[in-house]
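Working from the sequences, and respecting the hints, build out all of it.
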Amino acid sequence: MSELDATDLHLVTLLQQDSRLPNAQLAEKLNISASACWRRVKALEQSGVIKRYAAIVDPKAMGLGFEAMVHVHLTRHDASALASFISAIQTRKEVTECFATTGQADYHLRILCRDIEAYNAFLESFLFLHPAVNSATTNVILRQIKSNAPITG
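Residue 74 in the UniProt record's numbering sits at position 74 of the sequence shown; the count goes up by one each step and never skips.
No lab work stands behind these hints, which were simulated from the structure alone.
Possibly wrong hints are sitting among the right ones.
Unchecked claim - Below are the SDA-like pairs computed for lysine to any residue, each with C-alpha atoms no more than 20 Å apart in a straight line:
hint: 1; residue 1: K51; residue 2: R20
hint: 2; residue 1: K60; residue 2: R92
hint: 3; residue 1: K51; residue 2: L4
hint: 4; residue 1: K42; residue 2: H10
To be verified - Quick list of simulated restraints, FRET-style, between CB atoms:
hint: 5; residue 1: G103; residue 2: F126; range: 45 to 53 Å
hint: 6; residue 1: I56; residue 2: A36; range: 42 to 50 Å
hint: 7; residue 1: L123; residue 2: I86; range: 17 to 25 Å
hint: 8; residue 1: T13; residue 2: A55; range: 32 to 40 Å
Using N, Cα and C, we set each Cβ at its ideal position, and we do this for glycine too.
And the structure:
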């Protein structure tokens, strides 16, 4: 897709709010036919605008009461060290998001754990043992202010 028009943007917003809305309801909200709505959804999926559909889960309801942002500083930045670190991070269920950024830290990890003891075990048995990791700074998340906001054009 080249450019998203106002209907596409509205459709994407509606699907981000509730991806389980039936096509007929989406079409009604958009004031277009059901077949036109279906074609638009398929085009958004095929072009990669819509990557996937998912359920938004409450971590606390899943027994994950500890949440933190961890800012990781690497000792080495060669290709093999970076690949090893990235590969290792992708295997850990505690790491729900990982960002490579500019600034002081090399990587920022969003961590979800059962409790502080589980987080400490993650640090001691995994993160601090990785040869590419120099140090890590933890910011414990006290409360969430904004999350899963719809992405709009």
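**Report entry** Outcome of range test on Cβ distance (I56, A36; 42 to 50 Å)
**Finding:** Since I56 and A36 have Cβ atoms about 28 Å apart, the given range 42 to 50 Å is violated.
Query raised in the report: Going straight from one Cα to the other, do K60 and R92 come out at no more than 20 Å?
Result: Within the cut-off at roughly 19 Å; holds.
Query - Proposed proximity, L4 with K51 (alpha carbon, max 20 Å) - result: 15 Å, holds
Query raised in the report: Does the structure keep K51 and R20 at a Cα separation of 20 Å or less?
Result: With Cα atoms ~15 Å apart, K51 and R20 stay inside 20 Å; holds.
Report task. Starting from the hint 32 to 40 Å, judge whether the C-beta atoms of T13 and A55 obey it. Result -> Given a distance of about 18 Å, which is not inside 32 to 40 Å, the answer is violated.
Query raised in the report: If you check the beta carbons of G103 and F126, does the distance land in 45 to 53 Å?
Result: 24 Å, violated
Report task. Take the C-alpha atoms of K42 and H10, compute the straight-line distance between them, and say whether it is at most 20 Å. Result -> 15 Å, holds
Query raised in the report: Between L123 and I86, does the beta-carbon spacing fit 17 to 25 Å?
Result: Once the Cβ atoms are compared, 18 Å apart, the range 17 to 25 Å for I86 and L123 holds.
Hints 5, 6 and 8 from the list above are not met by this structure, while the remaining hints are.
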